[in-house]
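Participant: Listed below are the residues making up each chain.
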Amino acid sequence: MSFRFDPERLLVHTKRLYCAAWSLTGSREDAEDLVQETYIRVLAKPRKLQKERELPYLLRVLRNTHIDTYRKKQRRIQPDHVGEEVEFADERSGLQPAKALETQEVFTAIAKLSDMHRDVLVAIDIVGLSYKETSTLLGVPEATVTTRLYRARAKVATFVEGEKTSEK
Amino acid sequence: MSEIQNPQEQAASRRGEELVHAAMDNTKLPESLNVKLREIAANHQGKVQNEAEAKKRWFVLGGGFATACLVLIVVFLSTGQKNPSVQSVAALANRQKNAPAPGVDTTNPERLNISISGLNFPTWENQGWKATGTLKTTFSGRKTTSVIYKTQRGDTVVYTIVAGSSLPVGVDTQTVTGNAGIQVASFQKNGLTVITWKRKGRTCIVSATTTPAVKLADAVRTEV
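Chains as they are written, first to last, in my numbering: chain A, 1 to 168; chain B, 169 to 392.
If you are wondering where the hints come from, they were derived from the structure by calculation, not from laboratory data.
Be aware that one or more of the hints could be misleading.
The list that follows gives simulated cross-link-like pairs (lysine-lysine, BS3-like), each with its CA atoms no further than 30 Å apart [stated by the list, open to error]: (1) B:196 <-> A:112; (2) A:99 <-> B:357; (3) B:215 <-> A:48; (4) B:224 <-> B:304; (5) B:298 <-> B:357; (6) B:357 <-> B:383; (7) A:15 <-> A:112; (8) B:383 <-> A:48; (9) A:45 <-> B:366; (10) B:383 <-> B:265; (11) B:368 <-> B:318; (12) A:15 <-> B:366; (13) A:48 <-> B:204.
A quick note: this is a predicted structure, and the numbers were derived from the prediction, not measured.
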């Protein structure tokens, strides 16, 4: 029996993947590229989607693509670039500047987390995986996932509020 | 786990969760990304269709090739391994002897000392003919033995017996009745007059260039 795959079906996950990519790269432009590259990789081997749940698989490919491509570049958003990014983000998203700034700050904060904290937060809060799925994906016990998520969220709040404090 | 119980960190964690969810809610997908992903999806569909068509083409080509091979095999088997017809064996009359004439059977002076499938050949001295040679060969996998005779009028008569089951006779034959009342099938092949009949289930063929079929049918009256 042949496997017929509809690539349009994957597009319902685009927003989650885009936010995850933004969290990994800290840059909206890089996030776009990362999502595109992820889709290309996934579509190159669509049969793997038949065996696994879509979202965990998509996130795994996204992470691997990020590691292969973007980490090598060691491209991290520098603090003095944030203002430019936000202005650009505002033009394209149509958001209020304050909201756009906060959104940018949150994703930048996530990008600054250590790998182990960021991976858990992205998997659960952004992509929407369960604790169990995240545990399987990352290869750590669920209790560890819980702890890391708790601390990752706290650190994000600290980063964002720290940015606001420093701006004042 | 003690740190998780820290009220300040608990509050920060809740605040962090809210911030992340708010950021998710506030994020709008760039239209350029949507467009690009739809292009990727469309390209993938096109590629899949092309691959499917290519596979189909290869399948058709492969099927055609297999059919051609099958036809060749069938043709080979039908032409190469199937029993030869009497008409095709009759062409042996044109071939040269590959052995000298056999001697006369010591137990029967009217028979020659050569046989195939237990059937021997006549001397045909009563016809005024003389055995001049022998031709043993395999025709399409069937062993044949022929004795070549020379008539008084200088014609060459070839008597062939085919080993194994009898061969089919073509449709363009007629029945010839010799003076002794013997009926045989007769036809013309490559300028030869050919008669054929079955002797103990074996196909026997006699061909000649100028000797008429009726005369040949007379000669084989002892061979039926």
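Participant: Look at each hint and say if it fits the structure.
Facilitator: Here is what the structure says about each hint:
| no. | hint | in the structure |
| --- | --- | --- |
| 1 | B:196 <-> A:112 | holds, 22 Å |
| 2 | A:99 <-> B:357 | violated, 104 Å |
| 3 | B:215 <-> A:48 | holds, 18 Å |
| 4 | B:224 <-> B:304 | violated, 54 Å |
| 5 | B:298 <-> B:357 | holds, 23 Å |
| 6 | B:357 <-> B:383 | holds, 17 Å |
| 7 | A:15 <-> A:112 | holds, 21 Å |
| 8 | B:383 <-> A:48 | violated, 86 Å |
| 9 | A:45 <-> B:366 | violated, 71 Å |
| 10 | B:383 <-> B:265 | holds, 23 Å |
| 11 | B:368 <-> B:318 | holds, 26 Å |
| 12 | A:15 <-> B:366 | violated, 90 Å |
| 13 | A:48 <-> B:204 | holds, 23 Å |
The structure does not agree with the numbered hints 2, 4, 8, 9 and 12 stated previously, though it agrees with the rest.
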